[in-house]
Amino acid sequence: MPYYRRVGAVPPKRHTRHHAPGGGLYYEELMGEEGFSSDSALLYHRHIPSAIVDAAPWAIPDCKTEPNHPLKPRHLRTHDLFPGEEWRGHDPVTGRRMLLGNGDVRIFYVAAGLASPLYRNAIGDECVYIESGTGAVETVFGVLRFRQGDYVLLPRGTTHRWVPAGDGPVRAYCIEASSHIQPPPRYLSKAGQFLEHAPYCERDLHGPDEPLLVDGEDVEVLVKHRGPGGVTGTRYVYARHPFDVVGWDGCLYPYTFNVEDFEPITGRVHQPPPVHQVFAGGGFVVCNFVPRKVDYHPLSVPVPYYHSNVDSDEVMFYCGGDYEARKGSGIGQGSVSLHPGGLAHGPQPGAYEASIGKDFFDELAVMVDTFRPLELGEGGRAAEDPGYAWTWAGRGPR
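Last residue of the sequence shown? That's 398 in this note's numbering, and every number before it is there in order.
Simulated from the structure, these hints should not be mistaken for lab results. Predicted model only: the values in this text are computed from it and were never measured. Fair warning: there could be bad hints in the mix.
Said to hold, decoys possible - Derived SDA-like pairs: lysine to any residue, alpha-carbon spacing no greater than 20 Å straight-line: (1) Lys358 to Asp322; (2) Lys190 to His180; (3) Lys72 to Glu375; (4) Lys293 to Asp359.
Unchecked claim - Pairwise CB distance ranges, derived in the manner of DEER restraints: (5) Ala393 to Pro185: 35 to 45 Å; (6) Gly332 to Leu30: 19 to 29 Å; (7) Arg372 to Tyr305: 19 to 29 Å.
For glycine and all other residues, C-beta sits at the position ideal for the given N, C-alpha and C.
Starting from the given sequences, assemble the full structure and let the hints guide the process.
Right under this line is the structure:
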């Protein structure tokens, strides 16, 4: 995180006694990245944060993958994964269905109406994009309110739970890393401040404002972590409720960022995807394509040129507006496209010519580019549109 934040009661000097009213001490916990060498926060607990009384295996949502073979573009209809009122029986953690993944990142989709169990991802940071719905994420740092268009960033090891609100489902596109997820380094100064050319800044990031204190004993927490064969899970029982932090400070904490606060970078001719980048993780980047003015050179072609991602797989989640480049391909709200490295892709036939003269695109999409090949998860296989690969040619295999 690029800036310091302080919430609740902390002592004037770190690693010193923090007295509780009525006697006794609060228990200091350092939550830090890269050992003791990167961003961290100091949290002050009413109870010992490491006191567990039970541990048992937790069967996590299916994370097995199969290669994209034969190699071809894919179109996944995520809304088909939760038909009708099925979302009412799911929560935003255990209801996730895996679309795509590799050793660096796993991409899930969920539609949910129930509050989740307490949960902690011990493998990497999570970046969850809210396609629709409202609610709160209760965390050990405090409460984050979320709404449509929010990215919810949850650092590795943050105990939290999702609490949907309202009458409709919370639809979420979940990016789970094996690393940390941060603003791109080129947007930041040496001291970590957002630079003037960055498309967003500190004022657009919203962290918890006050502590969240909950009483309870023998409280279950689901933890996703590394294990035999890759990703696995454990169900812990804590002696006291983990939401017992009276105060914290530091540069590591959960926050939200709404896509409406992303200021698009445009030019006279078509700008490449890096200008749309919003976050960076180990082995992948996250970009968003927002409503914006488009190219103003008199001979410009506003939709993307055809391109071959020879070093990366490109994943687009279409979550609003009318995406100009892929009109007529079957892609719509909630669609995910996978364009693998080694294959050229670009506009739907006719879109190239039809874009000439347009000066504004009303579209919203979240893109993940990975630098290792992606494989298909069970949700991706279940939601696939089998005819998508042939949409540029207008006909299938002979």
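Hint-by-hint comparison with the structure:
| no. | hint | verdict |
| --- | --- | --- |
| 1 | Lys358 to Asp322 | 14 Å, holds |
| 2 | Lys190 to His180 | 19 Å, holds |
| 3 | Lys72 to Glu375 | 11 Å, holds |
| 4 | Lys293 to Asp359 | 6 Å, holds |
| 5 | Ala393 to Pro185: 35 to 45 Å | 40 Å, holds |
| 6 | Gly332 to Leu30: 19 to 29 Å | 47 Å, violated |
| 7 | Arg372 to Tyr305: 19 to 29 Å | 25 Å, holds |
Of the hints listed earlier, the one the structure fails to meet is number 6.
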